[in-house]
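Visitor: Read off the chains here:
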Amino acid sequence: MKRTVPVIIASAVGFVLVIAFFIPRTQAWGETAVLWFNILAAVAFVLGAGNLIKVQLESISARRPGWGFALVTLVAFFTMFIAGMLKIGVFPAGQYPEHAWSGKFDSAGAPFGWMYNYIFSPITATMFASLAFYVASAAFRAFRAKNVEAILLLGTAFVVLIGNTAMARLTDPLPEYLAFLRLDVLVANLMSYVATGVTRAITIGVAVGVAATSLRILLGIDRPYLGRL
Amino acid sequence: MQRFHAVGIMIFDGCRLMAGPALVLLLTWCIATNGALGAPPAPTDVTAEDFPWDDGTNANVRWSFDTAGSDAIQGFRIYRRLTADELAKERVERRVKAAETAFDTSLKSALETATSEATSEEHYFVGDDTPQDRPTKRQAAIDEATKEALKAAAAADGEPLFEFRAIGRAEPDERSFKVTTLARSSSYEFRVTALGIDDSESEAVDAAPVTTRRHAFVGERGFLAAFLFGLCAIIVGAIALARGGFRMKVRRIAGLDALDEAIGRATEMGRPVLFIPGLQDMDNVLTVAGVTILSRVARTAAEYDARLEVPTARSLVMTACRDAVQGAYYAAGRPEAYNPEAIRYITDEQFGYVAYVAGRMVREKPATCIYMGQFYAESLLLSENGNAIHAIQIAGTAETSQLPFFVAACDYTLIGEEFFAASAYLSGEPAQLGSLFGQDIGKMIAVALIVLGVTLATVGAFHVPAAQRAADYLAHTVLKQ
Chain D
122 MKRTVPVIIA SAVGFVLVIA FFIPRTQAWG ETAVLWFNIL AAVAFVLGAG NLIKVQLESI
182 SARRPGWGFA LVTLVAFFTM FIAGMLKIGV FPAGQYPEHA WSGKFDSAGA PFGWMYNYIF
242 SPITATMFAS LAFYVASAAF RAFRAKNVEA ILLLGTAFVV LIGNTAMARL TDPLPEYLAF
302 LRLDVLVANL MSYVATGVTR AITIGVAVGV AATSLRILLG IDRPYLGRL
Chain H
100 MQRFHAVGIM IFDGCRLMAG PALVLLLTWC IATNGALGAP PAPTDVTAED FPWDDGTNAN
160 VRWSFDTAGS DAIQGFRIYR RLTADELAKE RVERRVKAAE TAFDTSLKSA LETATSEATS
220 EEHYFVGDDT PQDRPTKRQA AIDEATKEAL KAAAAADGEP LFEFRAIGRA EPDERSFKVT
280 TLARSSSYEF RVTALGIDDS ESEAVDAAPV TTRRHAFVGE RGFLAAFLFG LCAIIVGAIA
340 LARGGFRMKV RRIAGLDALD EAIGRATEMG RPVLFIPGLQ DMDNVLTVAG VTILSRVART
400 AAEYDARLEV PTARSLVMTA CRDAVQGAYY AAGRPEAYNP EAIRYITDEQ FGYVAYVAGR
460 MVREKPATCI YMGQFYAESL LLSENGNAIH AIQIAGTAET SQLPFFVAAC DYTLIGEEFF
520 AASAYLSGEP AQLGSLFGQD IGKMIAVALI VLGVTLATVG AFHVPAAQRA ADYLAHTVLK
580 Q
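Chains as they are written, first to last, in our numbering: chain D, 122 to 350; chain H, 100 to 580.
Accuracy of the hints is not assured; some may be wrong.
Stated by the list, open to error - Restraint-style ranges between C-beta atoms, simulated for each label pair:
#1 D:A316 to H:T146: 44 to 50 Å
#2 H:P151 to D:L291: 53 to 59 Å
#3 D:L295 to H:T182: 58 to 64 Å
#4 D:F249 to H:L548: 36 to 42 Å
No lab work stands behind these hints: they were computed from the structure.
Virtual Cβ for every residue (Gly too), placed ideally from N, Cα, C.
Generate coordinates for the entire structure from the input sequences, incorporating the hints supplied.
Guide: Right, here's the structure in full:
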């Protein structure tokens, strides 16, 4: 029973979503199913937050290596949580100026919005910016000319890289009958035909794979969410 | 002599009197025959009808027009009458926008004045306001404008509101227009005009009101439904075939074969195995496929007594992963080794999650890193960190934009369909292997369609209209969705 009921629910919801895509009268059912997923995710979020607090508190209490990070995490978590939930310093909305809590929790000028804009966003932007260095190191490793495939990859990357810079103009003087060798034309052809063709081949394989995987789950053949192998 | 002179004067006077009407007549004749200086003729028989076999959000507008006159126009303009609600909403938006612009302009002017007059220490201050106060004041101005606009819209509710708004254009040879994004079961009015070469517009012709209606089936998705249910039938048939004892051969997938070796290495080194199920929630099929692979990884980790860590970016994924890992430890006969705390929720924020996982990698130095699921910019951040600590790395995703990064940084990568085949490949169950066989048949059908399309388009290029029409039908109707 503990296994059968979840499988029936999962299958029924899955089939409803498929049918709702084709039959307009059942679209409301699909919307309801998605709503239920959101409710479940919201409930699970409480579970996740509880897990986060528990793990960090354990780390601090046991003085595990790096427990200071756990302390920072908890302080940041509760500061943002309290500022957002209690809408501290929120400017009232125009429609209800007499109600102090009527504004948005992340409105500009409020502590939550301020912390988000001036602390959180710069930190995440810093993490994202570090990607540039990782791209450089990965490219350096990937473009070593070890074999024929690597040489082809290196050559293609070189053409695309140079073709997207001002150096592409160096090939402009090529005569008309050799126009296909101009760097901008080469780049356009590589991206439009070779790269697009390969991407589409992968996409078709993925689409068929998604259909097969979904069917396995809907039919209960594959049920990872129940912990059955 | 005098008689001749008098006759000459008479002729001159006659010409002078006739010149005005003659010019008017000439002009009229030019307009009537050429039409270049006037509005084009209006379309006729304008009708609007509910779009057949749809979800009730579309309508079709049709009209007639003299084909001979098509050369003298640059197309048709289609109008829709806006509802009172739409007009009120527009009015609110317009006022809010105006308030935003007015506030920004006054702030800019105040700033310029202050900058020219202030000393260097006072450069960043305008009156008593600090830069931190400005967003608050700006928001207050916008909120006030919103309040006023809502009041005005409420006051205008009782007023009759009529306004036709242009919603699209049709080419001179087109005689119909599909109007989309309408509300279901609502009445709409349309009108059509012809557009002259000189941008003049003909008299508008109204169509009778039409009410959108929801139908039993979305006709445009008919071919997609046929493909989907056909593919499902093939897969179910292949599963039945496999269960009946039909032997299926599956090619080796290096990345999946390397899983056992990678987990064994972690055991030997006494370091953990890190499994990342991607950033998305359980409503994403890539995450579901990742959790399936986690089951197998967890079972091997349980058998080899390796430490498994699964940081997740979604709470629901954490609970699903816990169930999957617990089941795997039970199946391996080592339920006591299962540690739910090793599967933990970190944060929903992409780079917050990356910061945690990257830090964990650097501090704990896991021997094996496995990435299975949906990844975005974090793919390279994570896999390069894994590479820096010399971990064996196995990745799998269907996100084509991230595959090159995984290929560059990881030892093994499951590309696209291999990722979805992993569950069946690792389990070895006939039913699952059968689904792989069905998947292959689906791909063969896709290849056949590609070959057919390329052939038809190539033949069509040699001025064979039937082949071209067939290629167009295949591309724009059969494969539209």
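Visitor: All the hints need checking, so say for each whether the structure fits it.
Guide: Evaluated hints:
no.: 1; hint: D:A316 to H:T146: 44 to 50 Å; verdict: 46 Å, holds
no.: 2; hint: H:P151 to D:L291: 53 to 59 Å; verdict: 57 Å, holds
no.: 3; hint: D:L295 to H:T182: 58 to 64 Å; verdict: 59 Å, holds
no.: 4; hint: D:F249 to H:L548: 36 to 42 Å; verdict: 40 Å, holds
The structure agrees with every numbered hint stated previously.
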